[in-house]
Amino acid sequence: MGSLEDYLPDSERGQSVLNLKDESTIADLLSHLKIKRRVIVAVNGDEEKGSEYVLSEGDEVLVFTVISGG
Amino acid sequence: MSYGYTGKILHVNLTTSEITVEEPNEQFYRTYMGGSAMGMHYVLKETPAGVDPLSPDNVLALCTGVVTGTPISGQSRLTSVAKSPLTGCIGDAQGGGYFPAEMKFSGFDAVIIKGKSPKPVYLWMHHGEAELKDAGHLWGLTTGDAEDKLKEELEDKRIEVLQIGPAGENLVRFAALISMSNRANGRTGMGAVMGSKNLKAVVVRGKQKPTIADPERFKALQKLGKTLLEPTGMDDFGKYGTPDVTSPQNKSGGLPTYNFNSGTFDKHEEINGRTLYNEHLRGHEKDEQNRFGRDTCFSCQIKCKRVSQIDEGPYKTDAKYGGPEYETLATFGSYCGISNMDAIIHANALCNMYGMDTISCGATISWAMECWAEGKLTSEDTGGIELNYGSAEAMVKMTEMIAKREGFGKILAEGSQKASEIIGRGTEEYLITSKGQEAPAHMPQVKRSLSVIYATNPFGADHESSEHDPAYKAYPERMEQIGLTNPQEKLALNEEMMRFAMVTQHLSSAIDSLSVCAFIFGASFQLYDSNQLVEVVNAVTGWDTDITEILAVGERRLNMLRAFNSREGIGRESDTLPKKMFKRPLEGGRSDGYALDEKEWEAALEDYYRLCDWDTKTGHPSLKKMESLGLGWVVAENEALSQVVT
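Respectively, the protein sequence lines represent chains A and P. Under our numbering, the residues of the first sequence are numbered 4 to 73, in order. Under our numbering, the residues of the second sequence are numbered 79 to 724, in order.
Since the hints were derived computationally from the structure, they do not count as laboratory data. Predicted model only: the values in this text are computed from it and were never measured. Careful: at least some of the hints might be erroneous.
DSSO-like mimics (lysine-lysine), calculated; alpha carbons at most 27 Å apart, straight line [said to hold, decoys possible]:
#, chain 1, residue 1, chain 2, residue 2
1, P, Lys229, P, Lys197
2, A, Lys39, P, Lys381
3, P, Lys551, A, Lys37
4, P, Lys551, A, Lys52
Where chain A lies over chain P, by a calculated footprint (3+ residues, C-beta under 8 Å) [to be verified]:
#, segment
5, 314 to 324
6, 548 to 554
Calculated Cβ distances over 10 Å to all of chain P for the following chain A residues [as the list claims (entries may be wrong)]:
#, residue
7, Val20
8, Asp25
9, Glu26
10, Ser27
11, Ala30
12, Asn47
Positions of the beta carbon are idealized from the N, C-alpha and C atoms, including for glycine.
Modelling step: build the complete structure from the supplied sequences, incorporating the hints.
Okay, structure coming up:
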C-alpha cells in the first residue's frame, strides 16, 4: 500500500501476482521485492504475520507501513 | 556557557509596549527543555484563572527547544501555548519550517506575549534586539502579501515571519499561526489569540548559531540519520509525504469518511499520496517533483512538505501556499465525501492564505454537511449554499466565508461545537469533537487507545499526542526502549493498551517540549528512536540526560496542561468522546460495524487515570504527582487549583 507500491513490479492499483519458490517465507517475499524497511504484513485479511511465516499458493499478502500523524 | 540554547527569553507587554529580557538559569532549561513545557511555565505563572481567551490577559508563549537551530533533521519546530478560544481549555500547537531556527538565531529561545496593542503592530526580533513596529498597513493582507511587504520594507529576503492572516484578525476560533505562508501552528485557535492582541506578526532574523557541546558526537548522529533513511522508510516518506498514509488508512477501515460515519472512502485513490505526487505536485509534468514539488524545514533531509500549483480554472492556486498534508486531504476530502484534488489543494491554500487550521475547518464543514443531509440545516441557514456531501464547490466557498466571517461562515467560524449551540435542533448529535476540538483523521473506533487520548488530552482531540495502536506490535525493539514489551491484539482496549497510550504520550509530550518533529524522533516509525533522541540532546547541550529524564519532562508538561484545565474547573466531565463513536457503528469496508463499547471504554478511562495518578472521580492530577514532577509551585501559586488538586 502507499509508497510500497513502488517496490511492486508491474502492479495495477497496488496489486500484483507473484510467483515465489515453494516454502517461501514473508522474509523471502520482502527480499524478492527488495523491501528493506520495516513493514507490517497481513496474510489473507486482517491477520498480521511475522517474517518466518511460510506462504502458501494463493495467499493474499498485504504489505503496509505504520506511519501515524499528518 | 550555555550549549544549544541562547539563555534569553523575551517578554513583551503589548499594552504598555514594554519589552524585557529574562535570562533563566541552566536548571530552568533542564527542567523544561523548551517548547510547550517551557511555555506552560509562563502561562501558569502569568495567566489569571478564568481568563477570557480573547482578552489582553491571556498569555501567549512561543517557544523553541534546546536543540532548535542545530544542523540536524527534525529540530526546527516552534510550540505555541495559550488558553484556547476554540475549547476554553489550554491551547497548544506546533509548527515547523525555517522560522523556529531563525528565531533562535535572532538571539532568543522564546517570546512570552501579553496585553493588547492599541493598534496593529508586529514584533521585530533581530540580532539580539527586539522592537514593536506599526502593522497598520499589513492588517487585512493575506499571509503571502504581508510576507512580501515585510521583506521589502525590512530590505531582507531572509527574514522569517510567523503571522496571522485575515482569519486571525477576524477571530475565527480555529485561526492558525502561519509561517512561510504554508506552515501552520494549526490547532486550538492560537491565531485568534494573536489577533485579539492586535499582533499581526513576529518577524525574526539573526546570525547567532547555537553552540554544540560535543561536535564529534553530533556529527556522528548527523551521519547516522543518513544511514537510517532506507531501513526506516523515511526516504519514501519524504517522497510521498504524509498523504502516503491515505490509502493504507482506508484499507484498515480507518479513513474518516462522511463526517466519521464510515472508515472507508470508495474514491480514496483520487486523494492519496501517489495521486498527489504523480498528478498534482509542482513539476509533475516533467517528472521533476523532487526538485519543484517538495519542500523542507531548516536542515531537514526528509523534504516531506508538498508544493502544489494550479495554473488556471476555478481552483487556481499559487505554489507559495504549499500543498495538503494527509490530515487536510482527509478533512476537506473524505470527511466531506469529496475526491476533487484540485478543490482540496485550493481549500488548503485558502487556509494558509487566511490563516486557519485545515483540520477544524474541514471537519466543521463536514459536520455542517451531515446536518444538511439530516435536514437540520436548510438553504435559509446557509444563504442558498447547498451543503451536500461531495460538493467541492460548496466546501471551497464555505472555507472562504469562514475566514471572512461572511454569511453562514460567521457561525461556522465559531467551530462546530459552538455552532451547534447556536443552531440547536439536535445538531450536537453529529459533532465529532472532544473538548470542542474537531477530531483529526485517525479513528478511535479502529485504533482504540486513541479513544482515551482524544477524550483526555488537555487541548482536545489530537493525533500527535501518542503513538497509534499498530506501532506497539510493529516496532518491538523501539518500544522496549521505553519499557513497553507486551503488545496486545488489534482492537484491544485494556490496561496494557492504556499503559502504551500513556507512556508513548509522555514521549510525544517530551517531543513537543524539546520542540522537535514527531516524524523524525519517536518511539516507532520515525528516523531516530528514543535513545537516539537522548543522544542528540546530550551532544548538543553537554548534559547527561537519559530516557527516564526525557519521559519525565513529557509527563511534567502533560500535567502542567492538565493542571491548567483543573484550575479552570475542567476535569473528568469534559473527558468525553463524540456520542456517535459509541452509538453509530461504522458503515462499510474493513471497519464495518465497528463502534466503541461504553462500559469497556469507561473501564479503560479509569485505568488510564490510575496509571497517570489522576483522581478517578475528578480527573485532576494528584498533589503527590504534581510534587513528584517538581510542580508543587503550580498548586501553591494558584488558589483555584489548590482546592481541587489534593
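Outcome of the hint check:
1. The hinted pair formed by Lys229 of chain P and Lys197 of chain P meets the criterion: a straight-line CA distance of about 21 Å does not exceed 27 Å.
2. Distance hint between Lys39 of chain A and Lys381 of chain P is fulfilled; the C-alpha atoms sit about 21 Å from each other, no more than 27 Å.
3. Our distance criterion of 27 Å between C-alpha atoms is met by Lys551 of chain P and Lys37 of chain A, whose separation comes to about 23 Å.
4. Between Lys551 of chain P and Lys52 of chain A the alpha-carbon distance is near 11 Å, which keeps this suggested pair within the 27 Å criterion.
5. Coverage of a stretch by a chain is defined here by at least three residues with a beta carbon nearer than 8 Å to that chain's beta carbons; for the segment 314 to 324 of chain P and chain A the count is 9, and the condition holds.
6. Coverage of a stretch by a chain is defined here by at least three residues with a beta carbon nearer than 8 Å to that chain's beta carbons; for the segment 548 to 554 of chain P and chain A the count is 5, and the condition holds.
7. Annotated as non-interface, Val20 of chain A keeps its C-beta farther than 10 Å from every C-beta of chain P; the closest such distance is 18 Å.
8. Every Cβ of chain P is farther than 10 Å from the Cβ of Asp25 of chain A; the closest lies at roughly 28 Å, confirming the non-interface assignment.
9. No beta-carbon of chain P comes within 10 Å of the beta-carbon of Glu26 of chain A; the shortest separation is about 25 Å.
10. No Cβ of chain P approaches the Cβ of Ser27 of chain A within 10 Å, the least distance being about 22 Å, so the stated non-interface status holds.
11. The beta carbon of Ala30 of chain A is kept farther than 10 Å from every beta carbon of chain P, the shortest such distance being approximately 15 Å.
12. With a least CB separation of 13 Å from chain P, Asn47 of chain A remains clear of the 10 Å interface cut-off, as annotated.
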